[in-house]
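Respectively, the protein sequence lines represent chains A and B. Residue numbers for the first sequence follow the numbering used here, so the first one is 649 and each next one is one higher. Residue numbers for the second sequence follow the numbering used here, so the first one is 64 and each next one is one higher.
Bear in mind the hints are in silico, worked out from the structure with no lab data behind them. The C-beta atom is built at its ideal place from N, Cα and C for all residues, glycine as well. Among the hints, erroneous ones may be present.
Stated by the list, open to error - Computed footprint of chain B on chain A; a stretch qualifies when at least three of its residues, placed anywhere within it, have a C-beta under 8 Å from a C-beta of chain B: (1) 731–741; (2) 748–758; (3) 769–781; (4) 803–811.
Okay, here's what each chain looks like letter by letter:
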Amino acid sequence: MEHLGLWVAAFLTLGIYSFLYRDNPWYKLSEAIFIGISAGYWVVTLFWDNFYGKFWVGHGEDPWLWVGAVLGFLMLLRLVPKIGWISRWPLSFIVGATAGLWMMNYFSSNIMLQVKDTIMPLFGSGYTASAYDIVGNIVVAVGTFSGLVYFFFSKEHKGAFGATAKVGIWFIMITFGASFGYTVMSRMSLLIGRMDFLFSDWLGLIK
Amino acid sequence: MKRQVPLLITLFVGTLLIFSVFIPPMENIGENFTLFFDIIAVFAFFLGGGNLVRVHISKLRRRKKDYGYSIITLVGFFFMLIVGLFKIGNPGGIAASVTAEGSIFQTTFTTVLIPLQSTMYALLAFFVASASYRAFRAKNREATLLLVAAFIILLGRTPFGMMLTSWVPDSFSVLQVPNLAIWIMNSPNLAGQRAIIIGIGLGVVSMSLRLILGVERTYLGEDRG
Numbered sequence: 649m650e651h652l653g654l655w656v657a658a659f660l661t662l663g664i665y666s667f668l669y670r671d672n673p674w675y676k677l678s679e680a681i682f683i684g685i686s687a688g689y690w691v692v693t694l695f696w697d698n699f700y701g702k703f704w705v706g707h708g709e710d711p712w713l714w715v716g717a718v719l720g721f722l723m724l725l726r727l728v729p730k731i732g733w734i735s736r737w738p739l740s741f742i743v744g745a746t747a748g749l750w751m752m753n754y755f756s757s758n759i760m761l762q763v764k765d766t767i768m769p770l771f772g773s774g775y776t777a778s779a780y781d782i783v784g785n786i787v788v789a790v791g792t793f794s795g796l797v798y799f800f801f802s803k804e805h806k807g808a809f810g811a812t813a814k815v816g817i818w819f820i821m822i823t824f825g826a827s828f829g830y831t832v833m834s835r836m837s838l839l840i841g842r843m844d845f846l847f848s849d850w851l852g853l854i855k
Numbered sequence: 064m065k066r067q068v069p070l071l072i073t074l075f076v077g078t079l080l081i082f083s084v085f086i087p088p089m090e091n092i093g094e095n096f097t098l099f100f101d102i103i104a105v106f107a108f109f110l111g112g113g114n115l116v117r118v119h120i121s122k123l124r125r126r127k128k129d130y131g132y133s134i135i136t137l138v139g140f141f142f143m144l145i146v147g148l149f150k151i152g153n154p155g156g157i158a159a160s161v162t163a164e165g166s167i168f169q170t171t172f173t174t175v176l177i178p179l180q181s182t183m184y185a186l187l188a189f190f191v192a193s194a195s196y197r198a199f200r201a202k203n204r205e206a207t208l209l210l211v212a213a214f215i216i217l218l219g220r221t222p223f224g225m226m227l228t229s230w231v232p233d234s235f236s237v238l239q240v241p242n243l244a245i246w247i248m249n250s251p252n253l254a255g256q257r258a259i260i261i262g263i264g265l266g267v268v269s270m271s272l273r274l275i276l277g278v279e280r281t282y283l284g285e286d287r288g
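Full structure from sequences and hints, please.
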């Protein structure tokens, strides 16, 4: 059984890689299997984890859980064209709750906390930071401020404002470069993982 | 009824959650609502599954191009659904976890889904390589900065980067490629990320207000009939 599993995994792995040559039936087959299996996997996992684990087990103790179940059921009414508009109710519940939750969370974590962490002391009694840290803190403060200036489009980027925005774009470019470098590294490690599977686990060429 | 009720629900729920932050007895309301989300998500996934079936059956009926692959997709979907919901081939029976070791559901996950998923992502390595070629042509100052930052980060995470600058004395250790990569990550990269994060935060706050106050209504879609 384990051997069959290895061959299936290798067949599908090579099927996906065959796309590098061009779109072909082997790739399409692997893609179709991927879509079907993953959709089924997530429906089943959410059913057992969320519906059974959270609602079915807990609704006796917490009758409020019925609200979630009823709203979820209303969402299915989208499949009935005549009364499909009722499915907007659970949707607006999700939108309203997400907006309310995110507004406060983002305000505290993405705005207030980030501003607080950017404005760091450079020196003072009881503050012991190395020159390396101080330079780093200055770079972070200047970069964050100029980056924000770049994102401010209500004023034309001219003069001192434009020069600050220019510095901001340099910092943002470095950020994009760093993110790009990281993405390349992570994709390469995945590729190495798949190659290791093919040459070591499947073919046994690498011991 | 079709538009006013949803707008009122959004206004009520959004306002309630904002006020709950300031009223201690209502603090847990956010957690309860998150639980509702989890339950609603199940139905949303059922709806998604239903749509998948509908789209592929319609493709089959109309004998559209490549309709044969729709059969494969539907077989895969129903196979996982039946095996998972009825826990067929589960060593511990219906009482055990659906992801129990040795179950057909879990075996399919490890032998089919994991290889497919990681290969799909790994495939991107080749497209990233082609994108790198285009991005790494330093046409102007901004592109050069992107190139240099990416190059240092890539080099700094490999043994070659360490080897390349191992001769730099310890007193100038910051100039060693791995340390330079760490500095880039912790200072200029952090600054750029903060600017983006604060920008996103401001965007989320304003969009949330627009949604709660009913200014933004596109999520309701259009009325038909």
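Does the segment 748–758 of chain A contain three or more residues whose Cβ lies closer than 8 Å to a Cβ of chain B? holds (count 9)
At least three residues with a C-beta closer than 8 Å to a C-beta of chain B: is that true for the segment 731–741 of chain A? Our answer is that it holds, as 7 residues pass the Cβ test (under 8 Å) against chain B, meeting three.
Claimed coverage, the segment 803–811 of chain A by chain B - three or more beta carbons nearer than 8 Å: violated (count 0)
Count the residues of the segment 769–781 of chain A whose CB lies closer than 8 Å to any CB of chain B, then report whether that count reaches three. violated (count 1)
Figure legend: structure checked against the earlier numbered hints; hints not met, in rising order: 3 and 4.
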